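Asks: All chains should be modelled from the sequences, with the hints used to inform the complete structure.
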Amino acid sequence: MRPPVRVRRAVVSLLALAVLYGIAAEIGRGRLPDRVWISPHYVEGVQLLPTWRSLAEEGEFLLKSKILPESLAVSTRRVAVGLLLGSVAGILLGLLTGWAARLEFLVDPWVTFFRFTPALALLPLYVVWFGYGETPKVLLIATTVAVITLLGAHQGVRSVPRVYLDAAASLGAGGWLRFRKVVLPAAFPSIFASVRIAAGLAWVTIVVAELIDAKMPSLGYLLALAGAYPRVPQMLLALAAVGIMVFLFDLAALLCHARATRWMERAG
Amino acid sequence: MASSRPPVLEALDVSFAYSGKTPTHALKDLSLEVKDNEFLAVLGPVGCGKTTLLRIFAGFLRPTTGSVRCGGEAVDGPGWQRGYVLQEAAIFPWMTVRENVEFGLQAKGIEPSARKAIADEWIGLIGLSAFEAAHPRELSSGMSKMVEVARVLATDPSLLLLDEPFGALDAQTRTRMQDALARLWEQRRKTVLLVTHDAEEALFLADRIVVLSPRPGRVHTQWAVDIPRPRSFETRFSARFLALKRQICEELIPS
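Taken in sequence, the protein lines are chains E and A. Per my numbering: the first sequence ends with 262, consecutive numbering throughout. Per my numbering: the second sequence ends with 257, consecutive numbering throughout.
Hints in this document: simulated from the structure, not taken from any laboratory. Quick caveat, the model's predicted, so the values are computed rather than measured. Among these hints, one or two may not hold up.
[To be verified] Calculated lysine-lysine pairs in the DSBU-like style (CA-CA distance at most 35 angstroms, straight line):
id : chain 1 : residue 1 : chain 2 : residue 2
1  : A       : LYS118    : A       : LYS247
2  : A       : LYS110    : A       : LYS37
3  : A       : LYS118    : A       : LYS30
4  : E       : LYS175    : A       : LYS30
5  : A       : LYS37     : A       : LYS247
6  : E       : LYS175    : A       : LYS118
7  : E       : LYS209    : E       : LYS58
8  : A       : LYS192    : A       : LYS247
9  : A       : LYS247    : E       : LYS175
Replies: Right under this line is the structure:
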């Protein structure tokens, strides 16, 4: 496996960025204005570019007060449940529409419609339908995820090379065996790629969805509150938390993907 | 004797046209028989409808007119009785060599233990026992093709259809694979219909050669290949082989 070199490079690049930021923040300290106009009033004592020291202090506070860990836990759970529900629904539907060509014309217009409609636009509707609370948030993520994974699974099934299907049919494989042993593995890379994209978008969705019926603890509301005061160190830390979660989800997906598609690696 | 038994495959006045604004006539009134335990090569120039003919026999295409019978029954859709090795690489890359060979057996509903025994035998016959757990990416394209042949033969079809099996290989590998196929056939006589544009390949492998005319394909001439078996490297340079090759090439490339 290659990672060592790539990981080392990533660490070096991140460290370089952190050092540059630190220098910029130190230069800016005392020089940047600390009074900003947040309509309809001025707010004093704003750190436009917080130093590493104040970030560390803010981090300590957010951890000790359990604000950040609890927010993380709540938001992660919503994303995970929505991702799971949406993936299962989307992949099953996509496999069905991809395999049963006769269903395609029924589903196609709807997929095209939803594909260009940001699922976030459904938020007010979901609140009206499902009230406040967990349901609309989780369902909104599930919807986002389902549309993307449906397309991924549909495309994946559709692009299974004809030769494999012919070879399987010629060997006497019935529909179910062909689907299980040929279509699924051949479509897997495309399905998984769509789940990865969906996982990233799920985090975008949750941060916005948590602005409705905004309550602590949640990462979305933490960000919103930090923006309202404004409290830049808190904002940056909440953003970093979201970024790290997206990264971890993507890494997990990538590892599963690599395990499941070892057969695709080039020899040598 | 073999000649008294009914032919394994019988094509009678088969014509095929690809529909379109101007229909393309790929085959015209083509009749041929594949006898029991015979290795028949259908030889023809590129574009004479060889693949079309094989896809009709495999059951993926229906002839526009004419009939095809296999084992006395009309061909109606693909099935394992007519084992079909496609021209393209069709080994399943996500399966190991063993899983590939066992796939057809699984489709036939054979018990896992019996499946394993049959697969062992065929993997051994193509000399890949050491690679049974390997994925196709670890094999050369020649060996992958032999796995495809073994995968089809493991299901014990009454007829093996080979579509330019070694067409995509370099000349040396092709020769080695032809040797391997000839040895395999000499050990396990099967009824084989091979389609190729390579006269030497047809001569080296077949008992009988049917030469097709350019599109629309029809039977042009037939040749009995009276070259003794087992055939080896030497066979390719024997006087009889070269004489036949010359005659057949003159048929293929009219001067």
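Asks: Hint by hint, note whether the structure agrees.
Replies: Hints and how they fare:
no.: 1; hint: A:LYS118 with A:LYS247; in the structure: violated (42 angstroms)
no.: 2; hint: A:LYS110 with A:LYS37; in the structure: holds (25 angstroms)
no.: 3; hint: A:LYS118 with A:LYS30; in the structure: violated (44 angstroms)
no.: 4; hint: E:LYS175 with A:LYS30; in the structure: violated (38 angstroms)
no.: 5; hint: A:LYS37 with A:LYS247; in the structure: holds (23 angstroms)
no.: 6; hint: E:LYS175 with A:LYS118; in the structure: holds (18 angstroms)
no.: 7; hint: E:LYS209 with E:LYS58; in the structure: holds (19 angstroms)
no.: 8; hint: A:LYS192 with A:LYS247; in the structure: holds (24 angstroms)
no.: 9; hint: A:LYS247 with E:LYS175; in the structure: violated (44 angstroms)
The structure fails hints 1, 3, 4 and 9 (numbered hints given earlier, in ascending order).
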